[in-house]
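> What follows is the residue order along each chain.
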Amino acid sequence: MNIWDKLQSIDRRWIFLVMFIVIIIPLMNPKSLDINVSEPTRKAFERIENVPSGSNVLISWDFDPGSQAELLPTAKAMLHQLFEKNVNIVVITLWPAAPTLADTTLNEISTLYNKQEGVDWVNLGFKPGLDIVVKSMGSDIHEIFPADDKGKRVENIPLMKDIRNYDDFNLVIDLSAGSSVDFYVEQAHGAYGADLVAAATGVMIGDFYPYLEANQLQGLVGALVGAAEYEKLMEKAYGLEPDKATAGMQAQAKAHLAIIIFIVLGNIGFFAKRKKTSPKLESLNK
Amino acid sequence: MIFNFLNLIFQIQIKEGKGPVFLVLVLFICALVFFLDKARKGASFKIRKIAGLDAVNEAIGRATEMGKSILYTTGLETASHIATIASLTILSRVAKRAARYGTRLQVPSFDPIVMTLSQEIVRESYLEEGMIDSFRKDDIFYLTQEQFAYTAAVEGVLIREKPATVFLMGYFYAESLLLAETGNSIGAIQIAGTDAVTQLPFFIVSCDYTLIGEELYAASAYLSEDSSIISSLKAQDFGKALLWIFLFIGSIFTFFGSVKFLSIIGGSS
Amino acid sequence: MIFNLLIADPLSPEGIGVWIAAILTIGIFSFLYKDNPLFKFVEHLYVGVGAGYIVVVAWHNDIATNVIQPLKDGLLAIQNNDPSGWSDVINPIMACLIGSFLFFPVIAPRLRWLTKYAFAFILGAFSGVKVGPVISEKLITQVSSTLNRICATSSECAAQSASINYTPESSALFNAIFILIGVLCGLIYFFFSLEHKGATRIAAKTGILILMIGFGASFGLTVMGRVSLLIDRIQFLLVDWLGLIG
Amino acid sequence: MSNRGPLAVAFIAGMLMIGDYFLDWGPLNSYAEWVQKYYIIIAAFAIVLGVASLFKLHLGKLKRKEDGWRYSIVTFFGFFAMIVTGLFMTSGDLTGTKHPWNAWLYTNVQLPLGATMFSLLAFFIASAAYRAFRARSLEATLLLLAACLVMLGQVPILTGGVFESLPEIKQWILDIPNMASKRAIMIGVGLGMMSTALKIIFGIERTYLGGSEE
Numbered sequence: 038m039n040i041w042d043k044l045q046s047i048d049r050r051w052i053f054l055v056m057f058i059v060i061i062i063p064l065m066n067p068k069s070l071d072i073n074v075s076e077p078t079r080k081a082f083e084r085i086e087n088v089p090s091g092s093n094v095l096i097s098w099d100f101d102p103g104s105q106a107e108l109l110p111t112a113k114a115m116l117h118q119l120f121e122k123n124v125n126i127v128v129i130t131l132w133p134a135a136p137t138l139a140d141t142t143l144n145e146i147s148t149l150y151n152k153q154e155g156v157d158w159v160n161l162g163f164k165p166g167l168d169i170v171v172k173s174m175g176s177d178i179h180e181i182f183p184a185d186d187k188g189k190r191v192e193n194i195p196l197m198k199d200i201r202n203y204d205d206f207n208l209v210i211d212l213s214a215g216s217s218v219d220f221y222v223e224q225a226h227g228a229y230g231a232d233l234v235a236a237a238t239g240v241m242i243g244d245f246y247p248y249l250e251a252n253q254l255q256g257l258v259g260a261l262v263g264a265a266e267y268e269k270l271m272e273k274a275y276g277l278e279p280d281k282a283t284a285g286m287q288a289q290a291k292a293h294l295a296i297i298i299f300i301v302l303g304n305i306g307f308f309a310k311r312k313k314t315s316p317k318l319e320s321l322n323k
Numbered sequence: 341m342i343f344n345f346l347n348l349i350f351q352i353q354i355k356e357g358k359g360p361v362f363l364v365l366v367l368f369i370c371a372l373v374f375f376l377d378k379a380r381k382g383a384s385f386k387i388r389k390i391a392g393l394d395a396v397n398e399a400i401g402r403a404t405e406m407g408k409s410i411l412y413t414t415g416l417e418t419a420s421h422i423a424t425i426a427s428l429t430i431l432s433r434v435a436k437r438a439a440r441y442g443t444r445l446q447v448p449s450f451d452p453i454v455m456t457l458s459q460e461i462v463r464e465s466y467l468e469e470g471m472i473d474s475f476r477k478d479d480i481f482y483l484t485q486e487q488f489a490y491t492a493a494v495e496g497v498l499i500r501e502k503p504a505t506v507f508l509m510g511y512f513y514a515e516s517l518l519l520a521e522t523g524n525s526i527g528a529i530q531i532a533g534t535d536a537v538t539q540l541p542f543f544i545v546s547c548d549y550t551l552i553g554e555e556l557y558a559a560s561a562y563l564s565e566d567s568s569i570i571s572s573l574k575a576q577d578f579g580k581a582l583l584w585i586f587l588f589i590g591s592i593f594t595f596f597g598s599v600k601f602l603s604i605i606g607g608s609s
Numbered sequence: 118m119i120f121n122l123l124i125a126d127p128l129s130p131e132g133i134g135v136w137i138a139a140i141l142t143i144g145i146f147s148f149l150y151k152d153n154p155l156f157k158f159v160e161h162l163y164v165g166v167g168a169g170y171i172v173v174v175a176w177h178n179d180i181a182t183n184v185i186q187p188l189k190d191g192l193l194a195i196q197n198n199d200p201s202g203w204s205d206v207i208n209p210i211m212a213c214l215i216g217s218f219l220f221f222p223v224i225a226p227r228l229r230w231l232t233k234y235a236f237a238f239i240l241g242a243f244s245g246v247k248v249g250p251v252i253s254e255k256l257i258t259q260v261s262s263t264l265n266r267i268c269a270t271s272s273e274c275a276a277q278s279a280s281i282n283y284t285p286e287s288s289a290l291f292n293a294i295f296i297l298i299g300v301l302c303g304l305i306y307f308f309f310s311l312e313h314k315g316a317t318r319i320a321a322k323t324g325i326l327i328l329m330i331g332f333g334a335s336f337g338l339t340v341m342g343r344v345s346l347l348i349d350r351i352q353f354l355l356v357d358w359l360g361l362i363g
Numbered sequence: 020m021s022n023r024g025p026l027a028v029a030f031i032a033g034m035l036m037i038g039d040y041f042l043d044w045g046p047l048n049s050y051a052e053w054v055q056k057y058y059i060i061i062a063a064f065a066i067v068l069g070v071a072s073l074f075k076l077h078l079g080k081l082k083r084k085e086d087g088w089r090y091s092i093v094t095f096f097g098f099f100a101m102i103v104t105g106l107f108m109t110s111g112d113l114t115g116t117k118h119p120w121n122a123w124l125y126t127n128v129q130l131p132l133g134a135t136m137f138s139l140l141a142f143f144i145a146s147a148a149y150r151a152f153r154a155r156s157l158e159a160t161l162l163l164l165a166a167c168l169v170m171l172g173q174v175p176i177l178t179g180g181v182f183e184s185l186p187e188i189k190q191w192i193l194d195i196p197n198m199a200s201k202r203a204i205m206i207g208v209g210l211g212m213m214s215t216a217l218k219i220i221f222g223i224e225r226t227y228l229g230g231s232e233e
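Chains as they are written, first to last, in this note's numbering: chain B, 38 to 323; chain U, 341 to 609; chain Y, 118 to 363; chain R, 20 to 233.
If you're looking for bench data, these hints aren't it; they were derived computationally from the structure. In this text, all values refer to a predicted model and were calculated from it rather than measured experimentally. Among the clues, some could well be false.
Claimed, not checked - Computed beta-carbon distance windows for the label pairs:
1. Ser288/Y to Lys273/B: 29 to 37 angstroms
2. Arg318/Y to Lys75/R: 47 to 55 angstroms
3. Gln55/R to Arg388/U: 33 to 41 angstroms
4. Arg23/R to Tyr283/Y: 54 to 62 angstroms
5. Asp71/B to Gln55/R: 52 to 60 angstroms
Just so you know, even glycine gets a beta-carbon here, dropped at the ideal spot from N, CA and C.
Sequences and hints are given; from them, build the entire structure.
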């Protein structure tokens with residue numbers, strides 16, 4: 038067996054090992070990433086920068102632990118930014134499995150800034166109905182969310198006293214693992230004129246760029262790349278240390294690169310020694 | 341007229357916007373009946389070769405020669421999914437051949453109703469081949485409806501029993517690549533078929549033959565070697581031709597500014 | 118690299134959970150090397166737990182809420198001379214009856230023919246359910262979206278339709294025609310009556326080439342999501358279990 | 020044995036559901052709703068059969084002391100742990116999957132097992148790509164090029180100059196050729212599904228009843 042044959046028949050366990058190593062090293066040793074911040078992410082960051090201190094922001098937390106690898110870093114970075122700027126945060130969710138994740142994260146970050154639940158932020162929890170929920174918040178939030186996630190009546194929550202509908206928010210942020218951005222663009226922006234910033238997963242992001250072009254979205258953070266860019270911006274602006282997205286992005290880049298290198302190696306072997314066709318070929322040729 | 345009458349007596353109304361769907365359905369049923377009638381009158385239909393299907397016999401033969409088993413999975417959906425139904429009809433054809441050659445057939449099941457159906461179907465196939473004595477009901481077994489627990493268990497069967505031939509037919513989710521790669525690593529001949537568009541690429545790269553989308557549905561007819569069932573493929577081709585022509589002419593007219601074709605199918609509202 | 122080792126305490130209530138989850142995680146990963154006793158253990162445990170969980174969910178979400186509760190409510194209503202209670206009683210009993218037909222091959226092989234009725238009902242009904250939506254979503258919507266794109270490149274056509282915006286760019290026209298040709302050639306590939314010869318061969322070949330680009334694209338797009346899942350598991354092992362913070 | 024009865028049942032059951040799609044008629048619509056709602060009860064019944072099959076398989080292994088029979092004990096252990104905590108224990112108002120012990124089992128056993136199995140895909144996708152993506156033919160070359168371009172467009176591995184347009188190229192491949200290929204497949208699938216469904220309803224395909232070749 039010469040080298041070309043070997044290149045074509047690397048044992049899959051070596052591939053597994055390489056994958057494991059290229060992913061684990063960046064995770065154990067995250068470096069601040071030298072990436073160019075894309076326009077949609079910069080716009081999102083700047084729009085949130087422009088929220089005046091003391092005003093309110095609505096966050097629609099539409100992802101569960103299944104998509105946290107891609108969306109949680111953005112969510113965290115944005116929470117840091119908003120608390121840093123002394124902005125009040127109202128969180129709702131359209132996903133049944135999201136409230137716990139939202140709660141844990143909010144608690145963790147709000148304590149760093151000495152922010153009080155009910156005064157500086159509130160988690161109103163989950164309501165089924167998707168676009169109907171988004172639409173009804175245009176008339177009266179108190180009606181659709183009569184109590185917060187822990188069952189406390191909204192009338193008794195100081196923060197909620199002056200918040201009734203989209204007019205009371207300087208900005209609406211949708212952190213979405215599905216198509217909820219569509220509802221917010223149609224309803225919150227289209228029907229009620231709210232300003233909108235969104236973050237979405239890699240699979241969905243392509244569907245939302247047209248909204249950005251049409252100015253229906255003021256900013257869009259896409260997938261893990263977007264999250265890493267956002268962490269970069271937060272590092273520059275507030276000295277916040279780059280977190281999981283940056284580490285994850287490095288691991289992603291290395292993993293993609295490793296796969297491409299393996300494909301190239303296999304093809305080098307193949308072209309150096311064109312062997313007779315194997316059964317695999319026929320299945321692709323059929 | 342008839343509907344006015346129905347409306348008057350029973351207050352039955354036609355739901356709005358279903359016109360185009362109804363038209364397609366009626367045309368298709370007409371084609372189905374027309375070709376079925378031709379088949380009953382003794383016409384035989386020519387169908388082009390489908391690579392993955394010609395390999396079915398060869399793959400079963402290989403398992404027989406090697407004295408190893410065949411593993412067949414009907415996918416990770418319930419009996420209410422049409423792809424599962426198609427897979428069950430293919431299973432019956434495969435089971436007949438396995439019965440004929442005396443090759444062991446294992447069917448790990450995801451859904452209990454599908455398991456019961458598979459047991460009955462395989463049993464009938466063995467009965468028809470006169471091999472009921474070699475039918476082993478316990479080879480068609482339930483694992484669990486938890487997606488990845490099912491996957492782990494099937495991987496276990498693959499790696500320990502080392503079947504010579506693996507059929508992956510039906511609807512699959514993310515586990516498609518886990519199953520197909522493990523099957524590949526044990527050197528089994530793998531024939532896959534699914535209409536899950538997102539999983540097709542993974543079968544294409546890991547399996548020897550892949551039935552793409554409609555080919556899965558054609559497979560049961562093709563393998564039945566029964567002209568009245570094959571006639572349905574002709575009806576499918578008729579439907580395809582109709583849509584093809586509609587799309588072709590429609591796009592020319594639409595390009596030159598007409599919305600007629602779009603409004604026929606309710607796409608311009 | 119400075120490590121701040123904070124291994125989860127196996128004796129604390131949360132720690133033991135983390136330890137168990139970590140061992141199970143490693144057990145699954147060990148399959149990558151080869152089949153081994155730990156993987157066998159984990160696989161069998163998973164099947165047991167998974168099967169048990171389905172039973173628990175089926176009991177609480179299906180049987181308790183859709184059979185027992187309505188039966189109770191229905192019987193109570195009937196006792197109070199409320200005839201609407203009957204539907205609450207009859208509906209679940211009917212469903213249970215059909216469900217019990219499935220048992221006959223096991224408990225009474227002579228009544229196996231009854232099972233065939235249950236199968237016929239289930240398959241017939243669910244075939245029927247799918248027909249309308251399949252025609253509308255898989256056939257008509259696909260054709261109309263292809264035409265929509267073409268309509269958008271024609272100012273006249275777009276003007277007559279409220280939902281379509283006119284896109285005069287030449288790239289939009291190119292894309293619309295690309296998709297049209299792709300769909301038309303792809304469909305020719307799927308014709309079963311046509312041998313792939315002559316013009317058909319060229320069209321079918323173009324069709325399969327476009328299918329292949331689509332498959333490659335889906336494959337490439339999926340990599341990121343899968344790697345994210347792995348990152349999540351490795352972070353669990355490094356951070357939650359080993360308490361390793363780089 | 021005649022299959023006439025079951026075939027009639029399949030026909031009527033199917034036509035009623037088709038009718039429900041097209042017609043607005045109270046009794047029919049509520050019947051259709053009934054079928055879809057109560058199918059889950061039938062399915063729940065079937066789980067008993069499934070579990071019986073699982074038990075039979077593993078009890079058989081235990082009885083015959085087959086290779087690896089000890090692992091069957093593990094399966095039973097897992098099964099009964101879930102059943103006992105999920106069906107027979109209450110803690111205050113909490114039962115079933117909400118019971119803390121059942122929830123603990125779910126979070127610390129089932130969830131990590133599922134997530135890890137799922138994550139194995141990251142490894143398998145790499146080995147499959149390496150093995151299958153060889154430029155053997157035009158089809159295989161396009162498959163491999165499309166995959167690589169999309170991967171490169173996803174993460175910033177190559178930057179600067181021409182490579183800056185990779186994300187755009189990726190998006191074009193996904194939006195245009197990928198869309199065309201999905202549509203062609205979907206139309207074919209639609210016809211295949213419709214044909215299979217109608218074959219069942221009209222009794223042309225009767226394999227599931229046995230004796231398909233009369």
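> Are there hints from earlier that the structure breaks, and if so, what are their numbers?
none
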